[in-house]
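Asks: The chain contents come next:
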Amino acid sequence: MKVTVKVQRYNPEKDKKPTWQSFAVECEPGDRVLDLLNHIKWYMDSTLTYRRSCAHGICGSDAMLINGRNRLACKILVKDLTKEGGTITVEPIRGLKVERDLLVDMEPFFDAYRAVMPFFINDDPAPAGERLQSVEDRAIFDEGTKCILCACCTTSCPIFWVNGRYLGPASIVQAHRFIFDSRDKGSDQRLKVLNQNTGVWRCRTAYNCTEACPRDIPITELIEEVKRAVLYQKV
Amino acid sequence: MHHRYDVLVVGAGGAGLMASLYAAKSKNVSVAVISKLYPTRSHTGAAQGGVGAALGNVNEDHWEWHMFDTIKGGDYLTDQDAAEIFAKDVIEAVYELEHMGLPFSRLDNGKIAQRKFGGHTREYGKSAVERACYAVDRTGHMILQTLYQQNVKAGTTFYNEFQVLDLIIEDNVCKGVVALELSSGEIHTFHAKAVILASGGYGRVFKITSNALSLTGDLMSIYYRKGLPLEDLEFYQFHPTGIAKLGILITEGARGEGGILRNDSGERFMERYAPTIKDLAPRDMVSRAIYREIREGRGVGKEKDAIMLDLTHLPKDIIESRLPDITDFARTYLGVDPVKELVPIQPTAHYAMGGVPTTIDGEALASEDGTQVRGLYAAGEVACVSLHGANRLGTNSLGDLIVFGRRAGLAAAKYAQKAEFETLPNNPDAFSKGLIERLRNGSGSDNAAKIRKELQDTMMMNVGIFRNGKDMEAQIQIVKELQARYKNVSVADPSARYNTELVEALELGFLLDIAEAMTASALNRKESRGAHDREDFTERNDNDWLKHTMAYRDMQNPGNVILKYKPVVLKGETLNFVPKPRVY
Numbered sequence: 001m002k003v004t005v006k007v008q009r010y011n012p013e014k015d016k017k018p019t020w021q022s023f024a025v026e027c028e029p030g031d032r033v034l035d036l037l038n039h040i041k042w043y044m045d046s047t048l049t050y051r052r053s054c055a056h057g058i059c060g061s062d063a064m065l066i067n068g069r070n071r072l073a074c075k076i077l078v079k080d081l082t083k084e085g086g087t088i089t090v091e092p093i094r095g096l097k098v099e100r101d102l103l104v105d106m107e108p109f110f111d112a113y114r115a116v117m118p119f120f121i122n123d124d125p126a127p128a129g130e131r132l133q134s135v136e137d138r139a140i141f142d143e144g145t146k147c148i149l150c151a152c153c154t155t156s157c158p159i160f161w162v163n164g165r166y167l168g169p170a171s172i173v174q175a176h177r178f179i180f181d182s183r184d185k186g187s188d189q190r191l192k193v194l195n196q197n198t199g200v201w202r203c204r205t206a207y208n209c210t211e212a213c214p215r216d217i218p219i220t221e222l223i224e225e226v227k228r229a230v231l232y233q234k235v
Numbered sequence: 001m002h003h004r005y006d007v008l009v010v011g012a013g014g015a016g017l018m019a020s021l022y023a024a025k026s027k028n029v030s031v032a033v034i035s036k037l038y039p040t041r042s043h044t045g046a047a048q049g050g051v052g053a054a055l056g057n058v059n060e061d062h063w064e065w066h067m068f069d070t071i072k073g074g075d076y077l078t079d080q081d082a083a084e085i086f087a088k089d090v091i092e093a094v095y096e097l098e099h100m101g102l103p104f105s106r107l108d109n110g111k112i113a114q115r116k117f118g119g120h121t122r123e124y125g126k127s128a129v130e131r132a133c134y135a136v137d138r139t140g141h142m143i144l145q146t147l148y149q150q151n152v153k154a155g156t157t158f159y160n161e162f163q164v165l166d167l168i169i170e171d172n173v174c175k176g177v178v179a180l181e182l183s184s185g186e187i188h189t190f191h192a193k194a195v196i197l198a199s200g201g202y203g204r205v206f207k208i209t210s211n212a213l214s215l216t217g218d219l220m221s222i223y224y225r226k227g228l229p230l231e232d233l234e235f236y237q238f239h240p241t242g243i244a245k246l247g248i249l250i251t252e253g254a255r256g257e258g259g260i261l262r263n264d265s266g267e268r269f270m271e272r273y274a275p276t277i278k279d280l281a282p283r284d285m286v287s288r289a290i291y292r293e294i295r296e297g298r299g300v301g302k303e304k305d306a307i308m309l310d311l312t313h314l315p316k317d318i319i320e321s322r323l324p325d326i327t328d329f330a331r332t333y334l335g336v337d338p339v340k341e342l343v344p345i346q347p348t349a350h351y352a353m354g355g356v357p358t359t360i361d362g363e364a365l366a367s368e369d370g371t372q373v374r375g376l377y378a379a380g381e382v383a384c385v386s387l388h389g390a391n392r393l394g395t396n397s398l399g400d401l402i403v404f405g406r407r408a409g410l411a412a413a414k415y416a417q418k419a420e421f422e423t424l425p426n427n428p429d430a431f432s433k434g435l436i437e438r439l440r441n442g443s444g445s446d447n448a449a450k451i452r453k454e455l456q457d458t459m460m461m462n463v464g465i466f467r468n469g470k471d472m473e474a475q476i477q478i479v480k481e482l483q484a485r486y487k488n489v490s491v492a493d494p495s496a497r498y499n500t501e502l503v504e505a506l507e508l509g510f511l512l513d514i515a516e517a518m519t520a521s522a523l524n525r526k527e528s529r530g531a532h533d534r535e536d537f538t539e540r541n542d543n544d545w546l547k548h549t550m551a552y553r554d555m556q557n558p559g560n561v562i563l564k565y566k567p568v569v570l571k572g573e574t575l576n577f578v579p580k581p582r583v584y
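So the sequences go chain by chain: H and G.
The numbers in full-length UniProt numbering rise by one with no breaks, and the one at position 195 of the first sequence is 195.
The numbers in full-length UniProt numbering rise by one with no breaks, and the one at position 58 of the second sequence is 58.
This list has only true hints and no planted wrong ones.
Here are the simulated lysine to any residue pairs, SDA-like style, with alpha carbons at most 20 Å apart:
1) 245/G x 263/G
2) 453/G x 31/H
3) 79/H x 245/G
4) 111/G x 139/H
Calculated directly from the structure, the hints in this document are not laboratory data.
Being a predicted model, the structure only gives us computed values, none of them experimental.
Kindly produce the complete structure, drawing on both the sequences and the hints.
Replies: Structural data, given as structure tokens:
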């Protein structure tokens, strides 16, 4: 089948502002959008620029706005977007500076990640074997451990678009993963960070993040749980 | 730009991040990590099923059994000193990951959950044992995240999205690294006392692979281009269960949980090939069995070139709670629900057993006589400490990363504490600049993507699961022709910023040189052992071939490969296992 791939192009070395470019691509219905972009880059226009690596939705490199929604280009198939003769539009994720074509500056995203202390804190002497944890306690924070830091959630959040200082859904998910881990003892410090005006109270429960997550993490729910933890200072 | 660090780690997957953590724990050692991706995007994150360690949480288990399984799995090409250290240390290392917060799945008693995996047995082969410690079916993801988190906590310096172009090595001393900063196009020189290579494998030399697009063997190739040897490149593992056509991995954990392979008539064919442990035989054996079924006309699908993985007899909640990611993959990419339907699979190029030869402390070897490249270390898939021998057991890659990543980090730091910075050559980046200039200003119009596709197609056909002399001789010529065409590749994109066309062209150059060393190594090994299976030499031959290949580029006649050999270490510190026929 043949589809049109309409891509936003921008190279600051030569362009003043972004433009659109269309490519007619021969493909199979089961092809990933990443396959189409690769085809364009390899055989039609080698200057097309985007990130990619694992090609099956586990590394988080190729988050982009596809037909108006944040998705991973390697996890969405042509047949789920359009039919023979249809059009697929591809743009960079929003709210982060576009460096070139579909590739954005990820540094502010990772700055927000680092701000919530996304690491295990427990200074007690470790036992000889493992720290025990019940199946139930392990399940409480399971959803957050799925996060691949692709930024689909944060860059679909209208609050983040308006105010880039908002830590955003992804970093709150990371904080949640540790706040609700029965072995961790750093919750107070994290909750303080999240109680600041860049933290969880900016969330207006728009659910964009949950809809955008390619890993089906119920992000809005996790943010609500963090809000409650901040309110009651306990988990 | 010029930088100076005592220890520089190249690659930010499990081995690199473990190495950087341990190097940084040593006193007065400055450490930095450079990666061509963001660390959390390294391919360790794609590992699914587990990390093997004889914790004995489910059933009795011992490091001695794990050591034996590793050696037998490696078809006795495994160096037994490495296997003994590994089987002992991986137990501590798994506990340590848990102490770093890694969210393992749990048993009802609160301990780390363990499940069965291919080639892991109790009492030296009697029956399968639960040795794979797992975190759902995203164990690698959890290891990668946890190690990155710990590096964030430790304040490790990262240079993300830097493509390495060259290692500065003079007179068998490594002095640093030259790399391209993707965001600016600028070339940086990293002056270091010790460099640790942890840059992963090269699955992209094959058409169907579980490996990320970024896995192009960059540092192995750079090492080889210096006239330094690559060890055991002929041993390349095909994982039995890649999603048909795509190669995306379906973890062996699926069979560990009870999944069964079936041919077109629904027969559980592994009963004929490995009567003791059936579908949980090691990967080389299962991959070959699948291809035999396909060749003999018992495959499924339009082209009868796939086999079915059957999980439908397992309880829905087991599939969804222990294998959610692979269930999602099957639904997303195949439209198949593993709870109700069989999943079409094909073997997929997965793991390089060979690589930069190292000692058990990760010190890079410059020759088969044990000479070292001073100041250079390697760990993880880029390295060959020869833990995996001729075939790696499932879950031993994650174990390898944490055990030998840590050892390399410690050894490099210890070396750097005593060493001085060596004097860099004049214009240390001259070679790298020339490499890029050539690609930018090349006169030819040959297309890198076309050459890459031809390489991947032909390597799959001629140096894949089944091999013979005639096909591999043909492949040597094909690689030479593609290398000649590569000289005419030019990069059309003139931009400095994020020139990904330039990066892909560089990567193709690396892949071509890996293919050269790999094919020559495979052609010369006239036996069948582990993952190296020859139709013209069908038996394992310990008299002539119980030895490691060391492949050197012939620097006088580029394109030709000089092959030397070194003995297998057949003794551990306390135990040793005498080679015997490998049956399961």
